Amino acid sequence: MITLTDVHKAFGAKHVLQGVDLTIDKGTSMVIIGGSGTGKSVMLKSVLGLVTPDSGTITVDGNDVQRGDRDAFLARFGMLFQGGALFDSLPVWQNVSFRLLRGALKRPKEEAREIAIEKLRRVGLKPETADLFPSELSGGMQKRVGLARAIAAEPEIIFFDEPTTGLDPIMAGVINELIREIVTEMGATAMTITHDMSSVRAIADNIAMLHDGVIKWTGPVSKLDNSGDPYLDQFIHGRAEGPIEAVR
Amino acid sequence: MNALLTPIAALGATVLAMLAAVGRVALFAFETVTHLFRPPFYGREFATALVQIGWLSLPVVGLTALFTGGALALQIYSGGARFNAEEVVPSIVAIGMVRELGPVLGGLMVAARVTSSIAAEIGTMKVTEQIDALVTLSTNPMKYLTLPRVLAATLAVPVLVAVGDAIGIFGGYIIGVTRLGFNEAAYLKNTVDFLEMWDVTSGLLKGAAFGFIVATMGCYYGMNSGRGAQGVGRATKTAVVAASVMILAANYLLTELFFTS
Numbered sequence: 001m002i003t004l005t006d007v008h009k010a011f012g013a014k015h016v017l018q019g020v021d022l023t024i025d026k027g028t029s030m031v032i033i034g035g036s037g038t039g040k041s042v043m044l045k046s047v048l049g050l051v052t053p054d055s056g057t058i059t060v061d062g063n064d065v066q067r068g069d070r071d072a073f074l075a076r077f078g079m080l081f082q083g084g085a086l087f088d089s090l091p092v093w094q095n096v097s098f099r100l101l102r103g104a105l106k107r108p109k110e111e112a113r114e115i116a117i118e119k120l121r122r123v124g125l126k127p128e129t130a131d132l133f134p135s136e137l138s139g140g141m142q143k144r145v146g147l148a149r150a151i152a153a154e155p156e157i158i159f160f161d162e163p164t165t166g167l168d169p170i171m172a173g174v175i176n177e178l179i180r181e182i183v184t185e186m187g188a189t190a191m192t193i194t195h196d197m198s199s200v201r202a203i204a205d206n207i208a209m210l211h212d213g214v215i216k217w218t219g220p221v222s223k224l225d226n227s228g229d230p231y232l233d234q235f236i237h238g239r240a241e242g243p244i245e246a247v248r
Numbered sequence: 001m002n003a004l005l006t007p008i009a010a011l012g013a014t015v016l017a018m019l020a021a022v023g024r025v026a027l028f029a030f031e032t033v034t035h036l037f038r039p040p041f042y043g044r045e046f047a048t049a050l051v052q053i054g055w056l057s058l059p060v061v062g063l064t065a066l067f068t069g070g071a072l073a074l075q076i077y078s079g080g081a082r083f084n085a086e087e088v089v090p091s092i093v094a095i096g097m098v099r100e101l102g103p104v105l106g107g108l109m110v111a112a113r114v115t116s117s118i119a120a121e122i123g124t125m126k127v128t129e130q131i132d133a134l135v136t137l138s139t140n141p142m143k144y145l146t147l148p149r150v151l152a153a154t155l156a157v158p159v160l161v162a163v164g165d166a167i168g169i170f171g172g173y174i175i176g177v178t179r180l181g182f183n184e185a186a187y188l189k190n191t192v193d194f195l196e197m198w199d200v201t202s203g204l205l206k207g208a209a210f211g212f213i214v215a216t217m218g219c220y221y222g223m224n225s226g227r228g229a230q231g232v233g234r235a236t237k238t239a240v241v242a243a244s245v246m247i248l249a250a251n252y253l254l255t256e257l258f259f260t261s
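Chains as they are written, first to last, in the working numbering: chain A, 1 to 248; chain B, 1 to 261.
Bound conformation, chain A alone:
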């Protein structure tokens, strides 16, 4: 279980998180929605320890994320970055099996390659893709490789940062389905950031809406369309009029 309690974070005069409280139950898929620049990525990176909150606590299974063995902590996570964040200098299979080629989870090279090819197949990519470099792949293929890398070490918790941004609707649908299948199949806890409402409906068990640095609404996906929350209603219907200012 991931718990954020009264988390604050400011960058200079800009107060991005102003007291975030959120709980993500084990084995569930939580999707965080909210306008651009509302701090969704900062919140996600705070859980991973990539950003240090100014105050508040973040725990994973009761353990403070800022304390303890970082390597052991991060070994439990997989993450799909918005732009893929693939390493340009490494071929695809070494990107996917990066964690399996070094550190505590190190495997023999042949075994790591086999696992990489199996994970590539899992995300719908052919084995021939393994020896290409990231620059030779399309945007959709890069996302899939990023997804394969995120699941390569069978993590307990997977984060997805804008998994469908920049993809055509068909490819976005494919990625959404893959994420849902993988999360269900692995029994992993998932946290996804997205603006894409089709992703929200495809991926989420629960939804939280971040606005003005706090969680404005949280609940199951079944209540998304009749929440009665004016912020959530404006966001999911994409209305310019409403409590959320269009010009921020």
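To be clear, the hints were calculated from the coordinates, so they are not data collected in a lab.
Wrong hints could be hidden among the right ones.
Unchecked claim - With the Cβ distance kept under 10 Å, some of the chain B side facing chain A (calculated, not the full set):
(1) 36
(2) 40
(3) 132
(4) 136
Quick caveat, the model's predicted, so the values are computed rather than measured.
Note that CB positions come from ideal geometry on N, CA and C, so glycine has one too.
Starting from the structure of chain A, add chain B where the hints point.
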């Protein structure tokens, strides 16, 4: 009163900002060195950096040394003619190359080629979240990106300086023999006779210091790059300028240390 204090306050703020920047670079360099004694080590990244920084810099350092050695021979011959001291060309070319021009010009050429490349590569990795990805994959970027490059540059630049010294002296020899009428054997004898081991060693030590500066500045500015193409461009430019100035300042300090006591 305010009109008087404002420029002083601005000057003070600039000095404080500069001192803070020096402190940050020093802490970054110190942290890099501490990783030398703490596993894990990434041998493959070190080998790749050694090839990129050392082997692939050989042509530019070699050509720089060749032309500098030749020009130095012409200058010393022309200047020495004013007081009938043309015969010092071989020894001055040798001493000038190994003590000063080899390490400094080699360091500056490597700064232009390597610092810019490291800062741009790491800066791009930062803005495309590859550095964050490394962290989430339980890999310390300082160990994986910085230490291999800094160690490779510290070891490779002295070798480049040694090769550059030899090529520079050869450049002087070619000009001395073909253009200035020196006897081949006499030129070589004068070069060897007047060159001391400390001349060569001091140049190589300078090379190691310059190599450390070159890679550290590239990594530091890359890791602290701003967002977007403009941020990476600014980081690259600042890294090359800072490395070049630091090489020249370090050269003066090391020369004081090596030759004035």
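With a cut-off of 10 Å, does the beta carbon of residue 136 (chain B) approach a beta carbon of chain A closely enough for the hint to hold? Hint holds; residue 136 (chain B) Cβ to chain A Cβ min 5 Å, cut 10 Å.
Holds or violated: the hint that residue 36 (chain B) contacts chain A, with Cβ atoms closer than 10 Å. Violated, about 18 Å.
Quick one, is the residue 40 (chain B) hint okay against chain A at 10 Å, beta carbons? Given a least distance of 7 Å, the restraint on residue 40 (chain B) holds.
Hint status (Cβ of residue 132 (chain B) to nearest Cβ of chain A, threshold 10 Å): 5 Å, holds
Comparing the model with each numbered hint stated earlier shows that hint 1 is the single one that does not hold.
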